[in-house]
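Protein chains in written order, with the working numbering: chain A, 1 to 389; chain B, 390 to 778; chain C, 779 to 961; chain D, 962 to 1144.
Heads up, none of these hints are tricks.
Derived pair list, reagent style EDC-like, types lysine to aspartate or glutamate, alpha-carbon separation capped at 20 Å: (1) B:Lys458 - D:Asp1031; (2) A:Lys297 - A:Asp349; (3) B:Lys460 - D:Asp1031; (4) C:Lys851 - A:Asp66; (5) D:Lys1128 - A:Asp110; (6) A:Lys71 - C:Asp853; (7) B:Lys460 - D:Asp1100; (8) B:Lys624 - B:Asp645; (9) B:Lys717 - B:Asp738; (10) B:Lys480 - B:Asp455; (11) B:Lys458 - D:Asp1033; (12) B:Lys556 - B:Glu514; (13) B:Lys576 - B:Asp554; (14) C:Lys945 - A:Glu125; (15) A:Lys90 - A:Asp146; (16) D:Lys1128 - B:Asp430; (17) D:Lys1128 - B:Asp505; (18) B:Lys556 - B:Asp505; (19) B:Lys460 - D:Asp1036; (20) B:Lys460 - D:Asp1033; (21) A:Lys91 - A:Asp146; (22) D:Lys1034 - B:Asp455; (23) B:Lys458 - D:Asp1100; (24) D:Lys1128 - B:Glu514.
Don't read these hints as lab results, they were simulated from the structure.
As the structure is a prediction and not an experimental result, all values here were calculated from the model.
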Amino acid sequence: MNWRSMKFLLSSTFCVSLAMTASRAHAAPTSSPVLQAEVSDTATLPPIGPHWFIPSASEETYQIYDIDKGKVLGTIPATMLANIVIAPDKKNFYVAETIWSRSDHGTRQDLLQVYDAKTLSLTKEIELPPRALAVFAAQDFAVSSDNKWGFIFNMSPATSVSLVDLKAGKVAQTVDIPGCALVYPWKTGGFSRLCGNGSLTNVAFDGGSPTVTHTKPFFDSNNDPVFEQAIVDQKTGQAIFISYTGKVYTTVLGPDPKISAPWSLQEAAGLPAVGTGVQELAWRPGGQQPFAWNAAKGELFVLMHPGNHWSHKTEGSQGWVFNVAEKKLLRRIDLPQPASGIAASPDNDALLYATGHRDGPITVINSSTGDVIKTIPARVGAMSIAPGL
Amino acid sequence: MNWRSMKFLLSSTFCVSLAMTASRAHAAPTSSPVLQAEVSDTATLPPIGPHWFIPSASEETYQIYDIDKGKVLGTIPATMLANIVIAPDKKNFYVAETIWSRSDHGTRQDLLQVYDAKTLSLTKEIELPPRALAVFAAQDFAVSSDNKWGFIFNMSPATSVSLVDLKAGKVAQTVDIPGCALVYPWKTGGFSRLCGNGSLTNVAFDGGSPTVTHTKPFFDSNNDPVFEQAIVDQKTGQAIFISYTGKVYTTVLGPDPKISAPWSLQEAAGLPAVGTGVQELAWRPGGQQPFAWNAAKGELFVLMHPGNHWSHKTEGSQGWVFNVAEKKLLRRIDLPQPASGIAASPDNDALLYATGHRDGPITVINSSTGDVIKTIPARVGAMSIAPGL
Amino acid sequence: MTASLFDRLGEKAARYLASHASRRGVLGKVGTALAIAPAFPLLPVSRAEAEEKPVSASLTDFERKAQTKDPDKCDYWRHCAIDGVLCGCCGGGVHTCPPGTEPSPVSWIGTCRNPADGLSYVIAYRDCCGRATCNAPADCDCNTADREMPIYKPQTSNDIIWCFGTKSTTYHCSTSAIIGKAS
Amino acid sequence: MTASLFDRLGEKAARYLASHASRRGVLGKVGTALAIAPAFPLLPVSRAEAEEKPVSASLTDFERKAQTKDPDKCDYWRHCAIDGVLCGCCGGGVHTCPPGTEPSPVSWIGTCRNPADGLSYVIAYRDCCGRATCNAPADCDCNTADREMPIYKPQTSNDIIWCFGTKSTTYHCSTSAIIGKAS
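Whenever a hint applies, use it, and build me the whole structure from the sequences.
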């Protein structure tokens, strides 16, 4: 059977636009022209826009939403164990993924998959050593801002980082860094890692031999660890680490990052600082993706809930907006329903996107006023990515 | 790192039973013995029981329930495109499955997988030609009652059947039968297929060259087709085909099946016979798995709903119980909630299992009284298998 | 035999047969002879028979309630026999596959009535293939069944994964493309 | 450095460290020196410090509400820091994997208080591996977090798929096995 000729037959028929049909809704039957045969085609994507939002969906995919239109634009395959990154030039989506050749058995395949941002075609698959497998751990994977290198966290349970040459399509080398995990990319030339003793390990790398440096421990990793979901602004290299109790540590990542004295989210809101008491009820940060960042205004968004210490996975009932440079709370936004994930658009007057654990709608909020702009029916989870400007 | 020695270390520790802990619930802290370390182990299954029920779950698996205990016993991997059969000797589960080596791309692998019924270990995978891919089409696959042959429906879209030698673990031959689909196994020595013109094609096969015969068309395949979800009692070879309007055709499958004159489900209930009117409201059969059979008493269970012609996918609000030999309605059971799937236990006084489309509980009903025995919290779909006696 | 034709000719035949097989009773009368007639375009045929009785008695419930405004809802007129997720909810459209997927060149066929002009059209329910199932909201997950048939009538059966001749048979979503006017 | 020990020794070390790392402040004080002490069995240690203040102020909300009767519920005492589906809902038990799966020999560690005896125990949250996620009812899908840590403290982090050294790393469900009494 010749599928090509059949396709040709279809494509040679005339195509009428949908609008034509819609405009005749509720009209009485008329002698209007009979609708003609349509060609089946495949959509392509416009350039990545500032109001795109790409949440996880069903633990198997990420869905691309155009928030202004309130519509899905496409689907990127990526499971809850995958990591997804928008290429710095916005021409690709990168997905670090692990697939067994027979679903739950067979050959394990660790891959860095490259999807074209216009067609969503899978254009390249780079073979990797076994990645770290963790549920929705976005900090397992980063791409250098010059789009040359992918940094992928491995755990076997020994920990290392694969340095992937994205042009050549292969792993250039793997750096063992025991005791540390995850990857926080610098503005240029490397990445840092969080370590079990409360320090950062910094890996200067630009294609040659990596140089590793260590900071002193700067947070109490036993009693008040910083969330792994730190904010990194890759345009500036600024990182914001926030602890379970709401202590904020800022730094500019590099070979020798100077880490600020911590300030307290709660004190910035005019409330007492918060401790580690298991019956110390206070507003605390929490959720699956509790933080978002808007670079245009330097605003940090935090999901907050009333709870005790160790309630760091609890959904937020409020979104708190901070000016980080001024260490100041700007406003507290009551969320229409508890949110486990938050994200922000990169433009001025950021849109906030609040989502639940799974299978829920997207709440779109004006970050300046706190008003709910719209609620988009969806079945999406807490994890997401949003483009930079 | 030596995992084996680590396992040994664990298994050499002492294990206390859970009951010991439970018995001390709500007791004041005492000087009772400190709980000791436990060995991690893996459960095995008891022999398949008459009150096992194996529904689809999340379109990715089938779950084994012990209905008496109201508990899950295990999970069999099998997607909504797979077919699952209990081996006639009850020592294995067979799963016909299609897997792409990289989830949605890569190499297509069509497999007949053999799971041990005691350990649920995957003991064998037999390579197949491309199977027919349809959503929850249980009649795509059958196993001969002597456990020697698997019959697997292929569609490319040309239609054929693979004859799988289960002992040898390979496809012995593939029979092209254009115009026909699915497989309905005989008591012994072959299978029949339903054809687009309303006839049966019968394939006598016992390892040699298949002999194909055809019946005359016996139902109106254009206006009142029989559901593909026919009942086949493999112990006797009796088949029950039921049409969209409720016409019942019975036969004993074989090289030359004599097909009974049809009788009407509705007439057997003392109601008028039902036609094909699209505004002819009547009780009609429908659902994803609308029929179940209890061989011990010769009882047929049908999900019925009020609807017009072409409402054959609508969930049932009642379960009707028929004595097929007497062509008689025994009782109508109001279901506590609409059901898309029904199944029955094989013993006397059958338990009926009613399930919804997906993600719902299991309603267990006494088929003799219509009483709801229990509702088991679950997230299961309409499709299921239940063991024979 | 309808299905054997289908086996040999794929959508081309199935489309042709379905286009002549309206719900008004013609379906049982088409035979192999018709397959040699020109399949495209379809000639308008008198609808006198259908007009003899009140329209409401000859319309299915789906047809009575069908709308022409929102193709991303299950009750859009073309979706009278669709089983799956609407591609319009997934970045595609009523006859457009979402990015990264490809339309199956072979499909199954329905006959749906357009309330805007009172005419019945043959609809090709072409699946978009090559990606895991689109996770659209429940509103977009449809299972309608006007004139839908069992698998042994494959050209009108909606449980089959209609991804034949595509790079991967993975099902992503379903479209409802007009093929032509039903006779 | 805790994590590097973990890197080298796997559960054996992690279990040991956790067993000495109760929530009552000892955790920050353990170091590499402890790893050379005999890891098993654990010696009972005075709980005087904890008993100085009312118990309710030193218990987490989970501990205040924990029950000892039904191990297939998220509030069963051992599940104080579990993230996943309880194997007891899947054909396994509190320390038993469902048929067809295998326990990971390496696991992460929590410290949970048994209300029946008022003692804290070290719990190994061993994942059962090799099959797709168990589709248990929502009641069996737990995400508790007493003393749960980020991934850079892997031995106490519950987002990691703890399927190391198993035939397949596919996650099926989670168990809560007693390792010993916490000091």
